[in-house]
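Here is what each chain is made of, one letter per residue.
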Amino acid sequence: MGHSLKRKEDVRFIQGKGHYVDDIQLPGMLHMDIVRSPYAYAKIKNINTEAALKIPGVIAVVTGRDLEKYNLHWMPTLMSDTQMVLPTDTVMYQAQEVAAVIATDRYAARDGKEAVMVEYEPMKPVIDPYKSLDPDAPVLRTDKEGKKDNHIWHWEVGDREATEKLFNEAEVVVKEQMHIPRIHVASIETCGCVADYDKVNNHLTMYMTTQAPHAIRTVIALVAGHVGLTEEKVRVISPDIGGGFGGKVPVYPGYVIAIAVSFLVGKPVKWVEDRSENLQADSFARDYHITAEMAGTKDGKILGTRFKILADHGYTDAAANPSKFPTGMFSIGTGSYDYQTTFMEADAVYTNKPPGGVAYRCSFRVTEAVHAIERITDRFAFEIGKDPAELRMENFIKKEDFPWKSPTGWEYDSGDYHAGLKKAMDAVGYEALRKEQAEKRKRGELMGIGISTFTEIVGAGPSKDFDILGIKMFDSAEIRVHPTGKAIARFGTKSQGQGHETTYAQIIAEELGIPAEHIQVEEGDTDTAPYGLGTYASRSTPTAGAAAAVAARKLRDKARKIAAYLLEVSEDDLEWEPGKFFVKGAPEKAKTIQEIVFAAYTNHPQGMEAGFEATHYYDPPNLTFPSGAYICVVDIDKDTGEIKVRRFVAIDDCGNIINPMIVQGQVHGGLTQGIAPAMYEELIYDEDGNILNGTFMDYLVPTAVESPSWETGHTVTPSPHHPIGAKGVGESPTVGAPPAIANAIVDALSPYGITHLDIPITPYKVWKALRDKGVN
Amino acid sequence: MKKQITISVNGEKHSLEVEPRELLVHIIRERLRLTGTHIGCDTTSCGACTILLNGKSVKSCTVLAIQADGKEVSTVEGMATAEGLHPLQEGFKENHGLHCGFCTPGMLMRAKELLEHNPNPTEEEIRWGISGNLCRCTGYNNIVKAIQYASAKMQGRETPSTEPEFV
Chain V
46 MGHSLKRKED VRFIQGKGHY VDDIQLPGML HMDIVRSPYA YAKIKNINTE
96 AALKIPGVIA VVTGRDLEKY NLHWMPTLMS DTQMVLPTDT VMYQAQEVAA
146 VIATDRYAAR DGKEAVMVEY EPMKPVIDPY KSLDPDAPVL RTDKEGKKDN
196 HIWHWEVGDR EATEKLFNEA EVVVKEQMHI PRIHVASIET CGCVADYDKV
246 NNHLTMYMTT QAPHAIRTVI ALVAGHVGLT EEKVRVISPD IGGGFGGKVP
296 VYPGYVIAIA VSFLVGKPVK WVEDRSENLQ ADSFARDYHI TAEMAGTKDG
346 KILGTRFKIL ADHGYTDAAA NPSKFPTGMF SIGTGSYDYQ TTFMEADAVY
396 TNKPPGGVAY RCSFRVTEAV HAIERITDRF AFEIGKDPAE LRMENFIKKE
446 DFPWKSPTGW EYDSGDYHAG LKKAMDAVGY EALRKEQAEK RKRGELMGIG
496 ISTFTEIVGA GPSKDFDILG IKMFDSAEIR VHPTGKAIAR FGTKSQGQGH
546 ETTYAQIIAE ELGIPAEHIQ VEEGDTDTAP YGLGTYASRS TPTAGAAAAV
596 AARKLRDKAR KIAAYLLEVS EDDLEWEPGK FFVKGAPEKA KTIQEIVFAA
646 YTNHPQGMEA GFEATHYYDP PNLTFPSGAY ICVVDIDKDT GEIKVRRFVA
696 IDDCGNIINP MIVQGQVHGG LTQGIAPAMY EELIYDEDGN ILNGTFMDYL
746 VPTAVESPSW ETGHTVTPSP HHPIGAKGVG ESPTVGAPPA IANAIVDALS
796 PYGITHLDIP ITPYKVWKAL RDKGVN
Chain R
227 MKKQITISVN GEKHSLEVEP RELLVHIIRE RLRLTGTHIG CDTTSCGACT
277 ILLNGKSVKS CTVLAIQADG KEVSTVEGMA TAEGLHPLQE GFKENHGLHC
327 GFCTPGMLMR AKELLEHNPN PTEEEIRWGI SGNLCRCTGY NNIVKAIQYA
377 SAKMQGRETP STEPEFV
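Protein sequences, first through last, are from chains V and R. Taking this note's numbering, the leading residue of the first sequence gets 46, the next gets one more, and so forth. Taking this note's numbering, the leading residue of the second sequence gets 227, the next gets one more, and so forth.
Simulated from the structure, these hints should not be mistaken for lab results. The model shown is predicted, which means the values in this text are computed figures rather than measured ones. Do not rely on the hints blindly, as some may be mistaken.
To be verified - Simulated pairs of lysine to aspartate or glutamate, EDC-like, Cα-Cα distance not exceeding 20 angstroms:
id: 1; chain 1: V; residue 1: Lys599; chain 2: V; residue 2: Asp572
id: 2; chain 1: R; residue 1: Lys239; chain 2: R; residue 2: Glu316
id: 3; chain 1: R; residue 1: Lys229; chain 2: V; residue 2: Glu276
id: 4; chain 1: V; residue 1: Lys53; chain 2: R; residue 2: Glu350
id: 5; chain 1: V; residue 1: Lys51; chain 2: R; residue 2: Glu391
id: 6; chain 1: V; residue 1: Lys53; chain 2: R; residue 2: Glu316
id: 7; chain 1: V; residue 1: Lys689; chain 2: R; residue 2: Glu349
id: 8; chain 1: V; residue 1: Lys689; chain 2: R; residue 2: Glu350
id: 9; chain 1: V; residue 1: Lys487; chain 2: V; residue 2: Glu622
id: 10; chain 1: V; residue 1: Lys468; chain 2: V; residue 2: Glu428
id: 11; chain 1: V; residue 1: Lys62; chain 2: R; residue 2: Glu238
id: 12; chain 1: V; residue 1: Lys51; chain 2: R; residue 2: Glu238
id: 13; chain 1: V; residue 1: Lys312; chain 2: R; residue 2: Glu256
id: 14; chain 1: V; residue 1: Lys689; chain 2: R; residue 2: Glu351
id: 15; chain 1: V; residue 1: Lys62; chain 2: R; residue 2: Glu391
id: 16; chain 1: V; residue 1: Lys468; chain 2: R; residue 2: Glu391
id: 17; chain 1: V; residue 1: Lys51; chain 2: R; residue 2: Glu256
id: 18; chain 1: V; residue 1: Lys343; chain 2: V; residue 2: Glu221
id: 19; chain 1: V; residue 1: Lys53; chain 2: R; residue 2: Glu389
id: 20; chain 1: V; residue 1: Lys62; chain 2: R; residue 2: Glu309
id: 21; chain 1: R; residue 1: Lys282; chain 2: R; residue 2: Asp295
id: 22; chain 1: V; residue 1: Lys467; chain 2: R; residue 2: Glu350
id: 23; chain 1: V; residue 1: Lys62; chain 2: R; residue 2: Glu316
id: 24; chain 1: V; residue 1: Lys689; chain 2: V; residue 2: Asp803
id: 25; chain 1: V; residue 1: Lys634; chain 2: V; residue 2: Glu654
id: 26; chain 1: V; residue 1: Lys517; chain 2: V; residue 2: Asp803
id: 27; chain 1: R; residue 1: Lys228; chain 2: V; residue 2: Glu439
id: 28; chain 1: V; residue 1: Lys62; chain 2: R; residue 2: Asp295
id: 29; chain 1: V; residue 1: Lys818; chain 2: V; residue 2: Glu439
id: 30; chain 1: R; residue 1: Lys282; chain 2: R; residue 2: Glu303
id: 31; chain 1: V; residue 1: Lys431; chain 2: V; residue 2: Glu613
id: 32; chain 1: R; residue 1: Lys228; chain 2: V; residue 2: Asp150
Construct the complete structure from the given sequences, taking the supplied hints into account.
Below is the structure:
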């Protein structure tokens, strides 16, 4: 623990020996390509496959009508909504799957795709979510019996009346309208699969890019059980995954079509989407329109907040939230501040855009919540003329007040927000920067300093509240130690770059004293790994990491019994130090863990079960609440609007740290996925539902040039309920960075009365805002 | 109408029949089974498919196999030698310059050419030098460090500390 062990998995990746889905090539494997809709909303009049079928190598063209025969044309989403696998009569968004071409090689499949002729009758789509609830808006989900509008669900939490009273009476009320734009995870590996159905044995092996292989196996069994693919006949293998960030949690139509085709023809079928398909059709993230309000006193005491959300889910709610939480963990949005009055409500609507609402390194809507609270807190500070750091310091929940009950029902487990912000301010040189800014303002130069002090909520989650499709959100570890003292450990999670092979080995090494290099970690094969809900939403360390520690402790208890037997003393006479048990007061009388394990196979006490293995399914008692204090410094060119991020200091608190190098790496990556939506990324649709930037030419993933040199550090407030005091970290920086950047830019522009800009804040937006205020 | 081509890949000669439209990346990955070279986009933007063609870094998703006829191709699989890892490979491992590993082979090949042209690049030169290669995981800080490490090692200078500055 606490050691920057170099990663075990790197040896293969740096030598080109990673093994990703697209690397799989099976004998007789067929290739699938997908015909997609050019329209956002249209009736399908006819699909002519004749020309496609004449192309050498093309074997079949599959349409919704074909799947309908097997009742496979619709599937459930993880939010218990429904989604088309292939349409029978209507397309609901541009780039929706319309037909699949199966061929003997990828080129023939692509030729076939170009040759499929589809006749459409375009209809006027619903694109603006605010207009989707208009009385004259067409009802999009006519497949749902009795559906009379485009409303999906309403959610609320807090005290509506008390909040209204507070806002009516408060000295100061501030309000901003914000859009947290639709963005895409854009992991460098796209999604894909090889579905390999063996007719003789009635068995499906599904190699796929999934962050949650066990859950997917269960979903496959639920969807296709009626055609014989029951759960014991399905093996899901998630090999090396080239980045996930939440985008590889859902089941996409391509996977299901590949399974259906393999099932029908009895050959392996590969489907790997290209980048444009990935950006245009796979699950998006965010797309929340938020009205944020804060009430407080003139001298800077925060008294309450109110948030009203309109959530654009596209044509189906295909988010991946725990069932009870349609807005995910948005209710963390009261933030790091000590007040008890809030009211939050959300309405979700259907539009003619791709389905989702999943992920972007934070699948449970914490990013939206943190952006709203951190922006409106700055807005409040600006309104009363108080330094935003000072205002935060005065309103933070105090270290001694943890565990702290939030007005939305969470119990924050631990935190020291004052220490984090102080450390960040010292690191960046806050006071000197404010002086420099004052000097620059006198000269008319634009410099801004932005702060974000966020509280995260990760590690879903306790089974009393958390499930996906009814499956409780525990996670698991199984440790087998071989007679010679070397181990294999398997988990229900699935790394997509997080370094589980290293960190899980470190946890077990810490608990059992077996060196990490002698512990092989495996994930992603449902035939061998214990059941778990997978890796997303920063849950692996809080759940499976905890399971590893508890399973290792079970083994240590067994080791104590064996040691007592071997040393012929009572268990109470033994003391543990990593790697061995020794007799109290006689340290020379000792048995190493390797000797004990060998005895478990060769000389175990009579009556004791032989072998040395343990499994644990960890059901967390609470979530973990990491936090962070981020400070961003920007310089803006008044003439062009160009924004330069000069400094970015991030201080994270994720409790006890297993591997500082890996945690820091997670923070670096998360920060870059924070600057991305803050300044560059947004999926843009025109009023006809055409995506305007659906390729990597136009969708601006930051390069090494746009990414600042991140300055990172940490504080440690251990989680009191986690077995090793750890909290999740992967998504924290993505959550915390956008408001720090937005606050810095708005701070720079504040002398001109600019109080808010929606992300992504581009040079044009800055230039325009300044011109609108009369700056030339 | 297939064409006969001969390419040398990591020093090994291969004669192949290819369609004129076949992309070099597909030949490398699917015929020669060198799957270290990856495909990450369809617009020549991400650089996951970067290889060296006669020593120059190119995105092999935008090179036709027939254009490589008679040329030398180097891929990530050819980087390590009997003596061990290439300093860049070592640099990436020691400095946590990769997470998921998908962009890594392309980054390595691009960095290899960068250091051949500019053995002692500044941080800014490194950042611009790899700006045709996207990484979604690392935030680039540690990729820059990895290349600086390799530069030092290849020039016989003392390699910088690989301890994370995470205090």
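Going through the hints against the structure:
A distance of roughly 24 angstroms separates the Cα atoms of Lys599/V and Asp572/V; the hinted pair therefore is violated under the 20 angstroms criterion. With a CA separation close to 28 angstroms, the supplied pair Lys239/R and Glu316/R exceeds the 20 angstroms bound. Note on Lys229/R and Glu276/V: the hinted pairing is violated, with a Cα-Cα distance of about 47 angstroms set against a maximum of 20 angstroms. Between Lys53/V and Glu350/R the alpha-carbon distance is near 30 angstroms, which puts this suggested pair outside the 20 angstroms criterion.
At roughly 15 angstroms between alpha-carbon atoms, Lys51/V and Glu391/R fall within 20 angstroms of each other, so this suggested pair holds. Proposed proximity of Lys53/V and Glu316/R is supported: the alpha carbons are some 13 angstroms apart, at most 20 angstroms. A C-alpha spacing of about 17 angstroms is found between Lys689/V and Glu349/R, which places the hinted pair at or below 20 angstroms, so the restraint holds. For the proposed pair Lys689/V and Glu350/R, the alpha carbon gap of about 14 angstroms is at most 20 angstroms, so the pair holds.
For the given pair, Lys487/V sits about 63 angstroms from Glu622/V by alpha-carbon distance, which is inconsistent with the 20 angstroms threshold. Taken as a hint, the Lys468/V and Glu428/V pair is broken in the structure, with Cα atoms around 26 angstroms apart against an allowance of 20 angstroms. Between Lys62/V and Glu238/R the alpha-carbon distance is near 19 angstroms, which keeps this suggested pair within the 20 angstroms criterion. For the given pair, Lys51/V sits about 33 angstroms from Glu238/R by alpha-carbon distance, which is inconsistent with the 20 angstroms threshold.
Between Lys312/V and Glu256/R, the direct Cα distance comes to roughly 18 angstroms. Compliance with the 20 angstroms bound is thereby established for this hinted pair. Proximity of Lys689/V to Glu351/R is assessed by CA-CA distance (about 18 angstroms); at most 20 angstroms being required, the pair is judged to hold. Annotation: proposed proximity of Lys62/V to Glu391/R is violated, straight-line Cα distance about 29 angstroms (limit 20 angstroms). A distance of roughly 15 angstroms separates the Cα atoms of Lys468/V and Glu391/R; the hinted pair therefore holds under the 20 angstroms criterion.
Restraint check for Lys51/V and Glu256/R: the C-alpha separation of about 32 angstroms exceeds 20 angstroms, so the hint is violated. The suggested pairing of Lys343/V with Glu221/V holds, with an alpha-carbon distance near 18 angstroms, which does not exceed 20 angstroms. Pair hint Lys53/V plus Glu389/R holds up; C-alpha atoms about 17 angstroms apart against a cutoff of 20 angstroms. Distance restraint check for Lys62/V and Glu309/R: the Cα-Cα separation of roughly 18 angstroms lies within the 20 angstroms cut-off, and the hinted pair is therefore satisfied.
Restraint check: the Cα-Cα separation between Lys282/R and Asp295/R comes to about 15 angstroms, which is no more than 20 angstroms; the hinted pair holds. For the suggested pair Lys467/V and Glu350/R, the alpha carbons sit about 31 angstroms apart, so the restraint of at most 20 angstroms is broken. The hinted pair formed by Lys62/V and Glu316/R meets the criterion: a straight-line CA distance of about 15 angstroms does not exceed 20 angstroms. Distance hint between Lys689/V and Asp803/V is fulfilled; the C-alpha atoms sit about 17 angstroms from each other, no more than 20 angstroms.
A C-alpha spacing of about 25 angstroms is found between Lys634/V and Glu654/V, which places the hinted pair above 20 angstroms, so the restraint is violated. For the hint linking Lys517/V to Asp803/V, the alpha-carbon distance of about 37 angstroms lies beyond 20 angstroms, and the restraint is violated. Proximity of Lys228/R to Glu439/V is assessed by CA-CA distance (about 74 angstroms); at most 20 angstroms being required, the pair is judged violated. Taking the CA atoms of Lys62/V and Asp295/R, the gap is about 26 angstroms. The hint is violated against a cut of 20 angstroms.
A C-alpha spacing of about 33 angstroms is found between Lys818/V and Glu439/V, which places the hinted pair above 20 angstroms, so the restraint is violated. Distance check on the hinted pair: Lys282/R and Glu303/R sit about 16 angstroms apart at the alpha-carbon level, within 20 angstroms; holds. Restraint check: the Cα-Cα separation between Lys431/V and Glu613/V comes to about 70 angstroms, which exceeds 20 angstroms; the hinted pair is violated. With a CA separation close to 15 angstroms, the supplied pair Lys228/R and Asp150/V stays within the 20 angstroms bound.
Of the numbered hints given earlier, the model fails hints 1, 2, 3, 4, 9, 10, 12, 15, 17, 22, 25, 26, 27, 28, 29 and 31; all others are met.
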